[in-house]
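Produce the entire structure from the sequences given, and follow the hints as far as they go.
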Amino acid sequence: MILYPLEYLYSLHSFGSKLGLERVQDLMNKIDKPYTKFKSIHVAGTNGKGSVCSFLATIFQKAGYKVGLYTSPHLVSFNERIQINGKHITDEELATLVAKIKNTLGDAETTFFEFTTAVAFEHFVQNNVDIAIIEVGLGGRLDATNVITPLVSVITSISKDHTRILGETNEKIAGEKAGIIKSNVPVVLGKNDSNVIDVIESVCTEKNSPLSLVTIPHVTSPNDPLESQSFSYKNENYTINLLGEHQINNACTAIETCSILDSVGLRVSNEALKEGLQEAQWPGRLDIIQSNPLVLVDGAHNVSCCEKLSQFLHKLPQKKIMILGFSKDKEIEKMVSILAPLADTIILTESNHKPASVDDIEQFCIPYGNKVLKFPKVQDAIQKAISLVKKDDMIVIAGSLYLVGDVLTHKTLFHNVFK
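Residue numbers for the sequence shown follow the working numbering, beginning at 804 and rising by one.
Read the hints as simulated data drawn from the structure, not as lab findings. Quick caveat, the model's predicted, so the values are computed rather than measured. Virtual Cβ for every residue (Gly too), placed ideally from N, Cα, C. Treat the hints loosely; a few may be bogus.
Label-pair ranges, simulated between beta-carbon atoms [said to hold, decoys possible]:
#1 H1117 x A902: 50 to 58 Å
#2 L1216 x K833: 41 to 49 Å
#3 N1095 x P1025: 14 to 22 Å
#4 E1136 x N931: 44 to 52 Å
#5 V879 x N1044: 15 to 23 Å
#6 T1023 x P1120: 20 to 28 Å
#7 E1004 x T907: 35 to 43 Å
Printed below as a string of structure tokens:
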């Protein structure tokens, strides 16, 4: 057993994030192809894939299945990435699997994500899951998870992100996501622009893969945007507790996926479907972590995510103290232009993962006339926000999932602000 499995895994970052299937296929062959020993759902997309995975995992769990869930990145603990029925892989299980795979692999080169994917798949096999929901790490075509042949391939909304790797246009990015489509395996496509739909339809035709498009639901908007949301889809009524209208589209993607799986024998009752949708949680996405003062964290990490966050914040009357931090490879100027006009005060900070410096971000905030403060340490930024917030204000934290993870580590700082 490896005493420090995480240290070993993180040491693999030195190999970078090398896309391609030859190396991961070789790794999987050496550990007896665990991905062939469980049924799976494969989920790709720019935004919403984690939420769709959460909806599906909760639905199938409510239906009585043993459900594996593999997502990335984690927010607070690495163990979040690999779950069975909502329970994270334990440190002991992780150490045992890392040691086993490392011993089998020998000196062969691999990356952090490839090795982590192998750990997840082995964990699911050892625990005999009924279904595993597998989120793509990056792109689709060359992602390490793309060794699987799932029961259904799911593609959520597509927009610009990771353009240096995936391409500069939505069509090119859609082509990379469409790389998860397998011959004769059904595909569910979430709400997207027509140019994206055309790309996916073309690949589905080429591979003889039946395509289901998510249609527009009828939304019953709540009076309070912080309350649960109700909607109807294909003559059935549903309620979800995840916030933001975009989550309704993600829920409909999950509903459509369950409909497809019903035809291959993975049945879900209407009751389990509705309960799963309503009880699903996905931390760090339009997530209220404190009510007094109101503190909202959102891992909005690209332009499309920031637009959805802006639409949501426009509905809230409170003055907003905004803690912002971005990864340095993002479209920071555009993201700031969407969020800064909503803030009364902006506090800039830096996450623990490839952050843009507060000085670099500041130049983009100046045109909006906000009060801009700089606190590179996340804990200092939180404490400054707490010192400024009044009872009728709210604190918004956004710009990066890594920033959200850092904030959740320190969320007890928000307790008892107003005693």
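Here is what the structure says about each hint:
The supplied range of 50 to 58 Å is met by H1117 and A902, whose beta-carbon atoms lie about 51 Å from each other. Taking 41 to 49 Å as the suggested C-beta distance range, the pair L1216 and K833 conforms, at roughly 46 Å. Take N1095 and P1025: their Cβ atoms lie about 21 Å apart, and the range 14 to 22 Å holds. Checked against the hint of 44 to 52 Å, the pair E1136 and N931 passes, with Cβ atoms roughly 49 Å apart.
Range check, V879 to N1044: about 21 Å between beta-carbon atoms, so the 15 to 23 Å window is met. About 22 Å separates the C-beta atoms of T1023 and P1120, a value consistent with the hinted range of 20 to 28 Å. Checking the proposed 35 to 43 Å range against E1004 and T907 shows it holds: the Cβ atoms sit about 41 Å from each other.
Violated hints for the displayed structure: none, as all numbered hints are satisfied.
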